[in-house]
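S.K.: So the chains spell out like this:
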Amino acid sequence: AQKITQTQPGMFVQEKEAVTLDCTYDTSDQSYGLFWYKQPSSGEMIFLIYQGSYDEQNATEGRYSLNFQKARKSANLVISASQLGDSAMYFCAMRGIISNFGNEKLTFGTGTRLTIIP
Amino acid sequence: EPEVTQTPSHQVTQMGQEVILRCVPISNHLYFYWYRQILGQKVEFLVSFYNNEISEKSEIFDDQFSVERPDGSNFTLKIRSTKLEDSAMYFCASSEYPGQGDLNYGYTFGSGTRLTVV
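Chains P and U supply the protein sequences, listed in that same order.
Residue numbers are given in our numbering: position 45 of the first sequence equals residue 45, and the series is strictly consecutive.
Add 1000 to the 1-based position in the second sequence for our numbering, that's all there is to it.
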């Protein structure tokens, strides 16, 4: 079974500062993928960044980077130079190894509500 | 960029009524999913679908739920007799056929259908 833990229910950050959203995971799979999604108040799920368990480099997508520490089983999202539009709910999610076409689902954490203060 | 399209965006239904939520996955994707998010809670997996059959379902996906791919483009979730606790945001997602070592597969969510049961 896979588990995602996000320990920060809410965060307030000053505009233009960097912010780190924590995510730890637990899995017995040798191969897995980690995702971050942004959910604004309108409700849609916006894909931000992906990290494969065998990727040696930390993933980066524009202002988003993923601080992947495999030994610690953590996959923290870093947002540089935060903007007012970054205010949203952020979910960490995991997908395990494909086996018998039965394990393609994503397991989500409980999310962190990020509020950017002007 | 290809999108997963969900209709309707909002639906209000009376308790006990049947509802059908509709999704058009990305055209070259082969895996289809439904997820549910009760207001303020985390996103939960309901069911995955591949090769015209269910590949995995969660304990939430009981006999009241069914999925169908009635033609080459639509993917539907039917709730047979809605209950108040079915009120939630329902997300459809699709992904490509999994390759070796790459677990991203263009996993894409639709913008969701907000179901309210009264």
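One or more of the hints may lead you astray.
[What the hints assert, rightly or not] Looking from chain U toward chain P, a few residues come up when the C-beta cut is under 10 angstroms (computed):
1) S1027
2) Q1041
3) F1065
4) R1069
[What the hints assert, rightly or not] In the BS3-like style, the derived pairs of lysine-lysine whose C-alpha atoms are separated by at most 30 angstroms in a straight line are:
5) K1057(U) / K16(P)
6) K3(P) / K70(P)
7) K16(P) / K1078(U)
8) K1057(U) / K73(P)
In short, the hints are calculated from the structure, not lab data.
The beta carbon of each residue, even a glycine, is placed where N, CA and C say it ideally should be.
S.K.: Tell me the hint numbers this structure goes against, listed in increasing order.
M.R.: Violated hints: 1, 3, 4, 5, 7; rest satisfied.
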